[in-house]
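> Residue numbers (this note's numbering), protein chains in the order written: chain B, 1 to 245; chain F, 246 to 1018.
No wet-lab data here; the hints were simulated from the structure.
Note that beta-carbon positions come from the ideal geometry of N, C-alpha and C, so glycine has one too.
Among the clues, some could well be false.
[Stated by the list, open to error] Residues of chain F placed beyond 10 Å of chain B at every Cβ, according to the derived structure:
#1 254
#2 360
#3 436
#4 473
#5 566
#6 693
[What the hints assert, rightly or not] Computed spacing ranges between beta-carbons, pair by pair:
#7 590(F) to 70(B): 57 to 67 Å
#8 25(B) to 247(F): 42 to 52 Å
#9 212(B) to 1007(F): 51 to 61 Å
#10 123(B) to 247(F): 29 to 39 Å
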Amino acid sequence: MVDSAYPSAMNSEVVFRTEHLSKIYDMGEVQVHALREVDLELYREELVVLLGASGSGKSTLVNILGGLDTATEGRVLYGDQDLTRANDRELTQYRRRYVGFVFQFYNLIPSLTARENVAIVTEIAENPIPPEEALDLMGLGDRLDSFPSQLSGGQQQRVAIARAIAKQPAVLLCDEPTGALDSETGVVVLDAIERVNRDLGTTTMVITHNVVQAKIADRVIRLSNGRISDITINKSKTAARDLTW
Amino acid sequence: MRGQLLAIVLVVVAGTATYVGMRGVMHALQETQATYYTEYQFADGFANVRRAPERVAQELRTVPGIGDVETRVRASANVDIPGFDKPVTASIQSVPDGRAPRLNQLFIRTGRMVEPGRDNEVLVNEVFAEAHGLQDGDTFTATIRGQQQQLTVVGIALSPEVVIQVEPGGLFPDRERYGVLWMSRRTLAAAYDMQGAFNNVAFSLAPGASLDDVLVQVDVILDRFGGTGAIGRADQPSHSLLEFEFEQLRGTSTVLPLVFLLVSAFLINIVVARLVNLQRKQIAMLKAFGYSDYAVGAHYIRLVLGVVTAGTALGTAAGVWIGQAMGQLYLDFFRFPVLTYTLEWPVVATAFVLTTGASLIGVTGAVVRAVRLPPAEAMRPAAPPTYKPTLLERIGLQRFFDQPTRMILRNLERQPIKSTLTVIGMASACAILVLGLFFTDAVDYLVEVQFEIIQREDLTVTFTEPTASRALYEIASLQGVTYAEPFRAVPVRLHYEHRTQDVSLEGILPTPYLRRVVDTALQPIPIPREGIVLSDRLARTLHVAPGDRIRVEVLEGARRTHVVPVVGRAEQFIGVGAYMDFEALYRLLGEGPSLSGAFLMIEKEAVDTLQETILDRPQVAGVISQDRAVEGFEEASAENLLVFTFILSLFAGVIAFGVIYNSARITLSERDRELASLRVLGFTQGEISYILIGEIALLTLVALPLGFALGALGAAGVLALLETDLYQIPLALSRATFATAATVVLISAIVSAVILRRKLHTLDLIAVLKTRE
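In isolation and in its complexed conformation, chain B is listed as follows (with noise of 0.2 Å):
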């Protein structure tokens, strides 16, 4: 069983866990299989990476684990609350309240400003920090006016993180959050992400397909072929701004 394995020194508190998790799509003809009986544990307060070639079920475990899309077999329980069984309602409840999402194309609403976009979330939120200071986490205090059509990429993004964060999550999942920048804006980026999970202890699932990223995790997942090949604890964590690749 390689899902027992947690990092001692980290909290022991099971935030999510999946059981015989199975996604099948139907594509005509053909039946895809992107997640085959995953049995996986995710702790609060830690901070996973997830690592895998393209197809190999990434997206699938965080969409499903973020309440976007549905199991087709097993259980995914958050804390007691079984979202296999959730409608559409209790599934919108569940991303509003307890998860922030960071995206590849960081979906910023172009029409609004770097604050209002982080305010169109606190407005439903029900303990948030301020859009001002979310921003001024992400080190954009000076941009609050901006409209995304006048932000670079890494600023973009740091908003999308921003507007994650801003509502004090219980998890952070970032689905290639660097995938659309270069590698200095992208270690800006994770260094966001990171002190996101440090300093606020929000649980943090990162989805990647580099390696040199991982290095920042508490624990490495590895999915390949819709199941998970390998767990690895990160004994030593190497912070972004020390990466490179």
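Given chain B, put chain F in place with the hints provided.
For chain F alone, kept in the frame of chain B given last:
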């Protein structure tokens, strides 16, 4: 895309069907009228005389420019139809013995022509026969000159003289209480004491002759025999009412469908351009595969042509069907032997060219923009949109808007042209609805003013000839009459500079109670002791204003001419009028007091008996009931306008839906990424619906008042086109019209919103996250 294409097809169908149907029915009616008039020799002029010997016909034939002359006997009769207990009057007209009439020939629908020498045979006008279920062989009694006669129906007929059957002196048809009958000349002359004489003549014009010249000559000849002035077709009751109806139809059938077609063409243009814009990526892909710009362009042009052609074909079919159905409805009102509806290809071609042209312009512009980009660039979506805070926010209102509302406002403000076009599209649909509905309002208002403020009498009695004032007291003393007010009507010709106009000049009391003269504020105005008051439109026709002096030529009796000052202008929607004080009129005529008739106020329940009692008096020519006039008016207007109104409203609804649905659908395509992102962030279906539907709602709210304004402008324009001598339709728009138009637009918006709301359920949250903006 299927839904959008379907919506485009619907808009094209609505535009084309309205255009083809209404133009077609108008064309059919006009063609039918022209053919009927020619084939059945409808006369060019008519004249009434008291009694003229037959030899005068020979004299009339010598008038230069006159073609054929047909003398007739015309009698009015009281008719007693079995099973119908209300008073019925009839106009009986003679047909020549032993030959068909040369002018105003009859179309025999059933039965046969009356035969000379058979006293009791009669032909009955079709509408009247239908109203009473009369058939060949039926009998009824008629009282002609106090003499009761049993008449047998030998046939049902139509005449170009009675395409619309309208009582002399009445403005509107009443098919039950007034009918036209034809009898043998010999029989009628015997009954009416007109042997060897005539009291009515119809004549045609020789090719190229001037009607006015002929009318003057005829008047000169007939004056000695009590002629009351010859009239041309334009003043013949059936023809003038027909022309008036046609005038209305021409307005509604030309202007409105064209507006429809233009609006739908405009909408297609917008929608098609936006559709192609959304297909940038596919266009780039095709180009990357090696398709030429030409091939890509041709693909979209074929798509649009296919949609538009399908829409035009369906619309033409629907239009033909509507045209035929409406034609049949009109045949009930306009009695032609047959109505042949023919599809006019130029009309179809116009519809096709307009819709195709508009959509091709839309598609070409968008395709050219799309193919001009190198494939790699086009594969990327258009440059990231640049936004800025809206004007509302910059002036400090920002704190009142939450983020979703700011998104709505900024999206609208960032694409002012798109927003404006959408607003114009919706406003046009709203305006079309107002145009379709306003006629009813106008007619209601007209009836209210004419019959509640101006004409307040219950009955109008007209005498066969000017009668001593004593007759008024006799009528006033009848059981059930509460008040009687006299009038004297004289046919006159008004001259001012080179313009002339024939009217009936009415002498009335200085401050009449029943038949009042009102100003434009609808306040009664007293009639000055000297001078003449003209209705507003008459004053405009003659180009005179109060203070001007006009020449009044009396067309009866001693035919004196006087110069009289114009002393006032009166508001009058029906007919044209000229009014003078009684005493002043007698001085003008050079006669002592005499009356043409009286306006009566009566006890309502006495109406039928009173009508009968009064009609039985020998000097009485007719009694017209106000209620019947109102009914007749409403029937006349309602019958043919209702059909138009219904169809217009239906199609306006379709167009409103087409525009709103397409705008909303395209907005969804443009926003799906943002909306999906928000869903991922935990926004509910309802919260993202607000952003999408709020945009549509805001545009709709802006569009409605604009649509009202456009509709009111359009209505004023249509009315200006429709103004005729017979009546003028006031621009009166009711709240109900605006409310209905708004409701249809809102329902279209709500239905679109509901469909879109359902589409939001199918937003693919994951797919949008995987693609780059």
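> Confirm or reject each hint.
Hint-by-hint comparison with the structure:
At roughly 30 Å, the least C-beta separation between residue 254(F) and chain B is larger than 10 Å, which holds for a residue marked as non-interface. Against the 10 Å criterion, residue 360(F) stays outside the reach of chain B, whose nearest CB is about 86 Å from its own CB. Once the 10 Å rule is applied to beta carbons, residue 436(F) is consistent with being away from chain B; the minimum gap is 89 Å. The beta carbon of residue 473(F) sits about 78 Å from the closest Cβ of chain B, which is more than 10 Å, so the claim that it is off the interface holds.
Every C-beta of chain B lies more than 10 Å from that of residue 566(F), the closest at about 44 Å, which supports listing it as non-interface. The Cβ of residue 693(F) lies farther than 10 Å from every Cβ of chain B, with a closest approach of about 52 Å, so its non-interface assignment holds. For residue 590(F) paired with residue 70(B), a C-beta distance near 59 Å keeps the hint of 57 to 67 Å intact. Checked against the given bound of 42 to 52 Å, the beta carbons of residue 25(B) and residue 247(F), roughly 25 Å apart, lie outside it.
At roughly 39 Å, the beta-carbon separation of residue 212(B) and residue 1007(F) lies outside the given 51 to 61 Å, and the hint is violated. For residue 123(B) paired with residue 247(F), a C-beta distance near 37 Å keeps the hint of 29 to 39 Å intact.
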